[in-house]
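Visitor: Here are the chains, one letter per residue:
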Amino acid sequence: MGRINDVGGMHGFPPIERELDEPPFHADWEAHVFAMNRALIGRGVYNLDEFRDAVERLPAAEYLAASYYERWFRAITALLVAKGVCTAEEVAGG
Amino acid sequence: MADLFAPGDRVRATSVDPPHHTRAPRYVRGAVGTVVEREGVFPLADDRARGLPSAPEAVYAVRFAARELFGEGDHDVTVALWESYLRAVS
Amino acid sequence: MGGDHGGAAASLAARVRHVEALLEQRGLVDPLELDRALEAFLARANPDNGARLVARAWVDPGFRARLLLDGNAAIGEVGVSMGGGLQEQRLKVVENTATTHNVVVCTLCSCYPVALLGPSPTWYKSEAYRSRVVRDPRSVLAEFGFALPDAVAITVWDASAETRYLVVPRRPEGTEGLDERALADLVTRDGLIGVAAV
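Those sequence lines, one after another, are chains G, U and W. Letter 91 of the first sequence, counting from 1, is numbered 91 in the working numbering, and no numbers are missing. Letter 74 of the second sequence, counting from 1, is numbered 74 in the working numbering, and no numbers are missing. Letter 189 of the third sequence, counting from 1, is numbered 189 in the working numbering, and no numbers are missing.
One chain only, chain G, in its complex shape (with noise of 0.2 Å):
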């Protein structure tokens, strides 16, 4: 029933965690991947929902494992697949 992001009023999630002072970004790479999201969505190379519909669609383990800007990453990698700008070998390797 529904996607793994789905979780208003869900039972058996944590009390909740905050930092003190918390930075807007942790690393450098999940500045660099929040400014990459958003010029690509600028550009048109796929648009805000397909953006979330590809959050939501990571394997549901993966997506409770994963940290905010890593799921971003990997949804963003899948969409350039998908989309055909990049192969999945191009985005594996490196």
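No wet-lab data here; the hints were simulated from the structure. What you are looking at is a predicted structure, and each value in this text was computed from that prediction instead of being measured. Hints should not be assumed to be uniformly reliable.
In silico EDC-like cross-links for lysine to aspartate or glutamate, where the CA-CA straight-line distance does not exceed 16 Å [stated by the list, open to error]:
(1) W:Lys125 x G:Glu19
(2) W:Lys125 x G:Glu70
(3) G:Lys83 x G:Asp49
(4) G:Lys83 x G:Glu50
(5) W:Lys125 x G:Glu50
Label-pair restraints from in silico Cβ distances [as the list claims (entries may be wrong)]:
(6) G:Leu20 x W:Leu68: 29 to 35 Å
(7) W:Asp35 x G:Gly93: 23 to 29 Å
(8) W:Asp70 x G:Gly44: 29 to 35 Å
Virtual Cβ for every residue (Gly too), placed ideally from N, Cα, C.
Got chain G sorted already, so can you dock chains U and W onto it with the hints?
Guide: Frame of chain G; chains U and W shown alone:
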């Protein structure tokens, strides 16, 4: 297309569990709430996520009693729902 | 952070650089442009924007009424806009009173009035907050150290479509002598989400 609902109207959220992207959270499925206001018209996210053409459609803020959603709680939850997700309750 | 975790982060950073290079080759991103856009975004999208709106609403009843009626139109008076994200977003401002309290969430992802609050904190995007605040907001507020009297009714706003919600907290007692700037300094990002009193 004219709006189907106005503030004060009672509406039931869709009980469909679609296989694609949607913005109707599952906790409102089948629940009855009250339209608070019309938030504007926007293309349906379900269509845009699938690359389908989508005419702008009304979105409403709909208020649900927690008891209706979860069987407990004394609060309300207001959820923004596209017209396609809603049915009139007579 | 353990060595394992640090290693995973380093490899993720390398993979992000790799994909960014692929996109640069294809002319889809320009690293200099990304840096500039990021810098401009962070300079513009800041919780002080939201705090200034609240302070103005506290001192100016006419502005308060306009803000609650049409957020996008009113916030221009304070020199801010909802254009901090990819596109101008619709803003709905909701006000706490002696009898009602508002709290904002996005249960499906992480929608948030980023132009007025800056990038959202990790807890706002967590499954813990998103799953629990719609079901049991009083317990969640208590975890934030915010004990709301039982007599105060709570409305949770789930930002599930195209509107972003901002909470106007109640003006604290004993602040009659403060000017607008000093009042804005009292307002926190958490207060603007509804998980703190101010």
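Visitor: Compare the structure with the hints numbered earlier in the document and write down the numbers of the violated ones, lowest to highest.
Guide: 5
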